[in-house]
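Quick note, in the UniProt record's numbering, the sequence shown goes up one by one and the last residue is 285.
The hints are simulated quantities; they were obtained by calculation from the structure and are not laboratory data. These numbers were taken from a predicted model, which means no experiment stands behind them. Any given hint could turn out to be false.
Unchecked claim - The calculated lysine to aspartate or glutamate pairs, modelled on DMTMM-like cross-linking and capped at a C-alpha distance of 20 Å, are:
1) LYS260 to GLU34
2) LYS262 to GLU174
3) LYS247 to ASP82
4) LYS247 to ASP67
5) LYS78 to GLU133
6) LYS247 to ASP257
7) LYS247 to GLU113
8) LYS262 to GLU113
9) LYS262 to GLU173
10) LYS260 to ASP67
11) LYS3 to GLU93
12) LYS247 to GLU74
13) LYS3 to ASP28
14) LYS262 to GLU35
15) LYS78 to GLU35
16) LYS262 to GLU214
17) LYS170 to ASP82
18) LYS3 to GLU50
19) LYS170 to GLU285
20) LYS78 to GLU34
21) LYS163 to GLU228
22) LYS3 to ASP221
23) LYS170 to ASP180
24) LYS163 to GLU74
25) LYS170 to ASP221
26) LYS163 to GLU174
27) LYS260 to GLU173
28) LYS78 to GLU135
29) LYS163 to ASP221
30) LYS247 to ASP180
31) LYS68 to GLU50
Claimed, not checked - Restraint ranges, calculated between C-beta atoms of paired labels, are given here:
32) GLN136 to THR204: 38 to 48 Å
33) PHE26 to GLN136: 37 to 47 Å
34) ASN2 to GLY231: 24 to 34 Å
35) GLY231 to PHE161: 14 to 24 Å
36) ASP43 to ASP71: 22 to 32 Å
37) ASP71 to GLU243: 39 to 49 Å
38) ARG144 to THR241: 21 to 31 Å
39) ALA205 to PHE26: 28 to 38 Å
40) GLU50 to ALA122: 18 to 28 Å
Cβ atoms here follow ideal geometry from the backbone N, Cα and C, with glycine treated the same way.
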Amino acid sequence: MNKTLVFGGSGQLGQCLQHVAQQRSFTDIVFLPEEQANILNPDILRTTFEQHRPAYIINCAAYTAVDKAEDEVEIARKVNRDGAENLARLCGEFGTTMLHISTDFVFAGTGNEPLLETDETAPISVYGLTKLEGEQVIPAHTERYFILRTSWLYSEYAGNFVKTMLRFGKEREEMRVIWDQLGTPTYAIDLAGALLHIIESGSTAYGLYHYSNEGVTSWYDFAVAIFELGGLTTRTVPIRTAEYPTKATRPAFSVMDKTKAKTALGLAIPHWRTSLVECMGRLGE
């Protein structure tokens, strides 16, 4: 049996995993209740591993409040670094393969070439730093891991940029949106499919990978596409990052190269706009 346990199953990616697993009849997967999924409690985790003896775990649990993390450094570090380490240690002990989600925020975003897994990391926010620390502690405890860095995650579940823009687009005549941050939106349903593909394929090409949808855009162009597909007439005004100050600094350029994921893992990755159309259809827009 290749039982898979999902930690952080109530979040956006966890809900997408539930949807995709049901679609694929991927039945040997357990979305743990909160009392069995506290990644900061080693005793609870050990009991959970002993009970289920998983072949795989997917760690979707993370502290993702990017601006709030600037003031809650230790909480962010406990979840993003210590929680990942707790899981990795048990994976090493039980022979479990770990699938872990990281972020484009591990990069400074000062370049203009698609980022490779081997490129230098230099996070410019607490969130990015603690997620990088989470990446770094995993290999010390297990060789059987897949770390997938992703970016600009959205879906029909939970709160995200697409749903926020749709709500604001119906409430406001004008939206001011940043145009000088470039990256790639990622449909969390696609990411969930990629995670299950790794498990279904039985891949042993362990390591660090980049996964986002294909293509490049700005937050401004992303918003324009959302309004267009949603049939909204909201006037969209491009602004610079400096005109919308936030507590945490974001990478200006975080487009990731997915060649490694496509070749080593056999992943077919759709363009961001294709996936946005699919998401909007599911949202009924």
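Hint check results:
1. The suggested pairing of LYS260 with GLU34 is violated, with an alpha-carbon distance near 34 Å, which exceeds 20 Å.
2. The hinted pair formed by LYS262 and GLU174 fails the criterion: a straight-line CA distance of about 39 Å is larger than 20 Å.
3. Annotation: proposed proximity of LYS247 to ASP82 is violated, straight-line Cα distance about 24 Å (limit 20 Å).
4. Distance check on the hinted pair: LYS247 and ASP67 sit about 5 Å apart at the alpha-carbon level, within 20 Å; holds.
5. The hinted pair formed by LYS78 and GLU133 meets the criterion: a straight-line CA distance of about 10 Å does not exceed 20 Å.
6. With a C-alpha separation of about 28 Å, the suggested pair LYS247 and ASP257 falls outside the 20 Å cut-off, and the hint is violated.
7. In summary, the hint linking LYS247 to GLU113 is not supported, as the alpha carbons are separated by about 26 Å, beyond the 20 Å threshold.
8. Restraint check: the Cα-Cα separation between LYS262 and GLU113 comes to about 18 Å, which is no more than 20 Å; the hinted pair holds.
9. The straight-line distance between the Cα atoms of LYS262 and GLU173 is roughly 41 Å, outside the 20 Å bound, and the hint therefore fails.
10. Among the hinted pairs, LYS260 with ASP67 is inconsistent with the structure: their alpha-carbon atoms are about 31 Å apart, more than 20 Å.
11. In summary, the hint linking LYS3 to GLU93 is supported, as the alpha carbons are separated by about 16 Å, within the 20 Å threshold.
12. Taking the CA atoms of LYS247 and GLU74, the gap is near 17 Å; set against the 20 Å cutoff, the hint holds.
13. Between LYS3 and ASP28, the direct Cα distance comes to roughly 5 Å. Compliance with the 20 Å bound is thereby established for this hinted pair.
14. This hinted pair does not check out: LYS262 and GLU35 have alpha carbons roughly 36 Å apart, beyond 20 Å.
15. At most 20 Å may separate the alpha-carbon atoms for a hinted pair to count; LYS78 and GLU35 meet this at roughly 18 Å.
16. Proximity of LYS262 to GLU214 is assessed by CA-CA distance (about 11 Å); at most 20 Å being required, the pair is judged to hold.
17. Of the supplied pair hints, the one linking LYS170 and ASP82 is violated, its CA atoms being roughly 41 Å apart against a limit of 20 Å.
18. Restraint check for LYS3 and GLU50: satisfied, since their Cα atoms lie roughly 13 Å apart, inside the 20 Å limit.
19. Of the supplied pair hints, the one linking LYS170 and GLU285 holds, its CA atoms being roughly 12 Å apart against a limit of 20 Å.
20. For the hint pairing LYS78 with GLU34, the CA-to-CA distance comes to about 17 Å; that is within 20 Å, so the pair holds.
21. At most 20 Å may separate the alpha-carbon atoms for a hinted pair to count; LYS163 and GLU228 meet this at roughly 14 Å.
22. For the given pair, LYS3 sits about 41 Å from ASP221 by alpha-carbon distance, which is inconsistent with the 20 Å threshold.
23. Under the criterion of a C-alpha separation no larger than 20 Å, the hint pairing LYS170 with ASP180 is inconsistent with the structure, at around 25 Å.
24. Using a Cα cut-off of 20 Å, the hinted pair LYS163 and GLU74 is violated, with the two alpha carbons roughly 30 Å apart.
25. Taken as a hint, the LYS170 and ASP221 pair is honoured in the structure, with Cα atoms around 18 Å apart against an allowance of 20 Å.
26. For the proposed pair LYS163 and GLU174, the alpha carbon gap of about 16 Å is at most 20 Å, so the pair holds.
27. Distance restraint check for LYS260 and GLU173: the Cα-Cα separation of roughly 43 Å exceeds the 20 Å cut-off, and the hinted pair is therefore not satisfied.
28. The straight-line distance between the Cα atoms of LYS78 and GLU135 is roughly 13 Å, inside the 20 Å bound, and the hint therefore holds.
29. At roughly 15 Å between alpha-carbon atoms, LYS163 and ASP221 fall within 20 Å of each other, so this suggested pair holds.
30. Under the criterion of a C-alpha separation no larger than 20 Å, the hint pairing LYS247 with ASP180 is consistent with the structure, at around 17 Å.
31. Between LYS68 and GLU50 the alpha-carbon distance is near 35 Å, which puts this suggested pair outside the 20 Å criterion.
32. Between GLN136 and THR204 the CB atoms are about 22 Å apart, so this pair departs from the stated range of 38 to 48 Å.
33. Between PHE26 and GLN136 the beta carbons are some 30 Å apart, a value that contradicts the proposed interval 37 to 47 Å.
34. Evaluation of the 24 to 34 Å hint for ASN2 and GLY231 yields a failure: the beta carbon distance comes to about 44 Å.
35. The hint said 14 to 24 Å for the Cβ distance between GLY231 and PHE161, and at roughly 18 Å that hint holds.
36. For ASP43 and ASP71, the hinted distance range of 22 to 32 Å is satisfied, since their beta carbons lie about 29 Å from each other.
37. Separation of ASP71 from GLU243 is about 23 Å and departs from the stated range, judged on CB atoms against 39 to 49 Å.
38. Separated by about 39 Å at the C-beta atoms, ARG144 and THR241 break the suggested range of 21 to 31 Å.
39. Against the hinted window of 28 to 38 Å, the Cβ-Cβ separation of ALA205 and PHE26 comes to about 20 Å, which falls outside the hint.
40. Between GLU50 and ALA122 the beta carbons are some 40 Å apart, a value that contradicts the proposed interval 18 to 28 Å.
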